[in-house]
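K.L.:
Hey, can you work out the whole structure from these sequences and the hints?
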Amino acid sequence: MMSKPDCLLIPMLASKAAPGLARTLTKTRLHNWGYMHISDDAFVIASELISNAVTATPGKEIRFQFSRDIAGVLIAVWDASPAQPQVRPMVDMTLDTLDVSEEHQG
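Each residue of the sequence shown is one higher than the last, beginning at 4 in the working numbering.
For the record, the hints were derived by calculation from the structure and aren't laboratory data. Bear in mind the structure is a predicted one, so any value in this text is a computation, not a measurement. Don't take each hint at face value.
Quick list of in silico lysine-lysine cross-link-like pairs, DSBU-like style, CA-CA up to 35 Å [claimed, not checked]:
#, residue 1, residue 2
1, 19, 30
2, 19, 7
3, 63, 7
4, 63, 30
5, 30, 7
6, 63, 19
Label pairs and their in silico Cβ distance ranges [said to hold, decoys possible]:
#, residue 1, residue 2, range
7, 14, 87, 15 to 25 Å
8, 95, 13, 28 to 38 Å
9, 39, 13, 12 to 22 Å
10, 73, 44, 15 to 25 Å
11, 68, 39, 37 to 47 Å
12, 20, 84, 31 to 41 Å
13, 23, 81, 14 to 24 Å
14, 97, 66, 16 to 26 Å
15, 98, 68, 15 to 25 Å
16, 23, 88, 17 to 27 Å
17, 7, 99, 41 to 51 Å
18, 37, 85, 36 to 46 Å
Beta carbons are placed, not taken as given, at the ideal position from N, Cα and C, and that holds for glycine.
P.N.:
Written out as structure tokens, the structure reads:
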């Protein structure tokens, strides 16, 4: 693990617990840096990137980086999958594109 005041780089097991660990580490750093105003976005990004790595390489080592510099924060995740990430097109979110039916609320 590499940990400096402005950079955290930590290996972790690609497991169901990994997204929660990433959120906890992200929250701690944001609090220390006084950046809690971006916490909602940072939690979603960290969780999604970690979840993608867990799906691609379950049970293997993944690495999580959370750092800051003058330009802002960086959230990065590496996994052992040889496949390149698939870029999906952006979709405008409207009520027509969301499933807001009662049976899918929980």
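K.L.:
Tell me, in ascending order, the numbers of any earlier hints that this structure violates.
P.N.:
11, 12, 14 and 15
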